[in-house]
Amino acid sequence: MSAVPLPPLPDDEVVEAELRRLLALADPVPAGWREMAVACGAWLALDGEPAALAYDSVANRERPLDGTRLAAVTMRELRFTGALGDIDLELDVGTDRVRLRGRLTPPGPAEVTVAWPTGRREAAADHRGTFHAEDLPRQPLCLLVAGEEPTKTGWIVP
Amino acid sequence: MELGAADLVVRAREGDQGAWGDLVDRYLGMVHAICRGYHLGGEDAADVNQVVWLRLVEHLGRIRSPDAIGGWIAATARNECVRVLRSSGRTVPVEEADLDGLEGGAGGPVDLGLLVYERDRVLMSAFGCLDDRCQRLLRLLMADPRPSYGEIGAALDMPVGSIGPTRARCLEQLRRLMP
Numbered sequence: 001m002s003a004v005p006l007p008p009l010p011d012d013e014v015v016e017a018e019l020r021r022l023l024a025l026a027d028p029v030p031a032g033w034r035e036m037a038v039a040c041g042a043w044l045a046l047d048g049e050p051a052a053l054a055y056d057s058v059a060n061r062e063r064p065l066d067g068t069r070l071a072a073v074t075m076r077e078l079r080f081t082g083a084l085g086d087i088d089l090e091l092d093v094g095t096d097r098v099r100l101r102g103r104l105t106p107p108g109p110a111e112v113t114v115a116w117p118t119g120r121r122e123a124a125a126d127h128r129g130t131f132h133a134e135d136l137p138r139q140p141l142c143l144l145v146a147g148e149e150p151t152k153t154g155w156i157v158p
Numbered sequence: 001m002e003l004g005a006a007d008l009v010v011r012a013r014e015g016d017q018g019a020w021g022d023l024v025d026r027y028l029g030m031v032h033a034i035c036r037g038y039h040l041g042g043e044d045a046a047d048v049n050q051v052v053w054l055r056l057v058e059h060l061g062r063i064r065s066p067d068a069i070g071g072w073i074a075a076t077a078r079n080e081c082v083r084v085l086r087s088s089g090r091t092v093p094v095e096e097a098d099l100d101g102l103e104g105g106a107g108g109p110v111d112l113g114l115l116v117y118e119r120d121r122v123l124m125s126a127f128g129c130l131d132d133r134c135q136r137l138l139r140l141l142m143a144d145p146r147p148s149y150g151e152i153g154a155a156l157d158m159p160v161g162s163i164g165p166t167r168a169r170c171l172e173q174l175r176r177l178m179p
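Chains as they are written, first to last, in this note's numbering: chain A, 1 to 158; chain E, 1 to 179.
Calculated directly from the structure, the hints in this document are not laboratory data.
A quick note: this is a predicted structure, and the numbers were derived from the prediction, not measured.
C-beta: ideal position from N, C-alpha, C; glycine also.
Check the hints yourself; a few may be wrong.
[Unchecked claim] Facing chain E, from chain A, some residues (calculated, C-beta under 8 Å):
no.: 1; residue: 18
no.: 2; residue: 23
no.: 3; residue: 33
no.: 4; residue: 38
no.: 5; residue: 93
no.: 6; residue: 133
no.: 7; residue: 140
no.: 8; residue: 144
no.: 9; residue: 147
no.: 10; residue: 150
no.: 11; residue: 157
[To be verified] Now the in silico label distances, taken between C-beta atoms and shown as ranges:
no.: 12; chain 1: E; residue 1: 179; chain 2: A; residue 2: 94; range: 27 to 35 Å
no.: 13; chain 1: E; residue 1: 164; chain 2: A; residue 2: 24; range: 19 to 27 Å
no.: 14; chain 1: A; residue 1: 18; chain 2: E; residue 2: 132; range: 27 to 35 Å
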């Protein structure tokens, strides 16, 4: 990976130093980028085994089975497959809010946590394995299903 | 003592949020430089930034060579930029060589209005006249902290051995554009 660059001419160094200064001044990393990037790390703190994305209704040929894609759709269905079964999700995406319905297979009650970069909410699954969460922020979402083997989904960008 | 990228990867995937923050600080400037090298700005660039980090957290547990994390981030950012350009119908790049001279994204050039001194404006105007490949390379070399040649190679899909000579050619081109 590493290669030793040719020693630069002094002139190059001067031009580069000026360019570095000007780009930092006139084209800095936008406000909010760091906060967004740091917030994505919240997923690491969810104590569960990642489930694999098995289906995404907005996947296409260019971007097969990728759960992290913005799309101009209002309804979206996804399936994640974990060690103990499936997590089926239906997202109803509004302008700035999201409604989520889910079903666990095999069915049964479980504690479900819906998380986004800056918050989380509990959404218990009933004896049929169904759960829902209303009025979620339109931000990247992921789920943690508690149980014998806690399972978490990847980030979904609604 | 400052930890290496590999140590940060190991700590971050164990849930160490501080290590994750350090990884972000190490590579955020590089991701920004890659976006701007593809002339992406505003929401397009913010989208690329978001997707890079969302995918990285999920990828951390699968990484076999934590040392190569910077190259992975660089390649992911590049692929996302190309995907955004493609999805907006601005271009359909196939190889890096085909990217030169293509219509840029919505980001536009650097805002010269932020520069007070005429000599600064002259240099930035000249920079904006460089071909896209040179702008991409120089932006990466100017990123803070400066990416390794391996990371720059991954970002530009360019052999590491070509970076030094290309840099020299681009700086020469820049000097010639200045009055």
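Evaluation of the provided hints:
Taking 8 Å as the C-beta cut-off, the interface hint given for residue 18 of chain A holds, the closest approach to chain E being about 6 Å. With its C-beta approaching chain E no nearer than about 5 Å, residue 23 of chain A sits inside the 8 Å limit, and its interface hint holds. Proximity of residue 33 of chain A to chain E holds as hinted, the smallest CB-CB distance being about 5 Å (cut-off 8 Å). Against a cut-off of 8 Å between C-beta atoms, the interface hint on residue 38 of chain A holds, since the closest Cβ of chain E lies about 5 Å away.
Interface restraint check for residue 93 of chain A: the shortest CB-CB distance to chain E comes to about 16 Å, outside 8 Å, so the restraint is violated. Proximity of residue 133 of chain A to chain E is violated relative to the hint, the smallest CB-CB distance being about 20 Å (cut-off 8 Å). Because the beta carbon of residue 140 of chain A sits about 6 Å from the nearest beta carbon in chain E, less than 8 Å, this interface hint is met. Violation of the interface hint for residue 144 of chain A is found here, the shortest Cβ-Cβ separation to chain E being roughly 13 Å, above the 8 Å cut-off.
A least Cβ separation of about 20 Å between residue 147 of chain A and chain E goes past the 8 Å threshold, and the interface hint is therefore violated. About 13 Å separates the beta-carbon of residue 150 of chain A from the nearest beta-carbon of chain E, more than 8 Å, and the hint is not met. Interface restraint check: residue 157 of chain A against chain E, minimum CB-CB distance 7 Å, threshold 8 Å, status holds. Our hint of 27 to 35 Å for residue 179 of chain E and residue 94 of chain A is violated, since their Cβ atoms are close to 54 Å apart.
Here the CB-CB span from residue 164 of chain E to residue 24 of chain A is close to 23 Å, well matched to the stated 19 to 27 Å. For the hinted restraint 27 to 35 Å between residue 18 of chain A and residue 132 of chain E, the CB-CB distance of approximately 21 Å leaves it violated.
Of the numbered hints given earlier, the model fails hints 5, 6, 8, 9, 10, 12, 14; all others are met.
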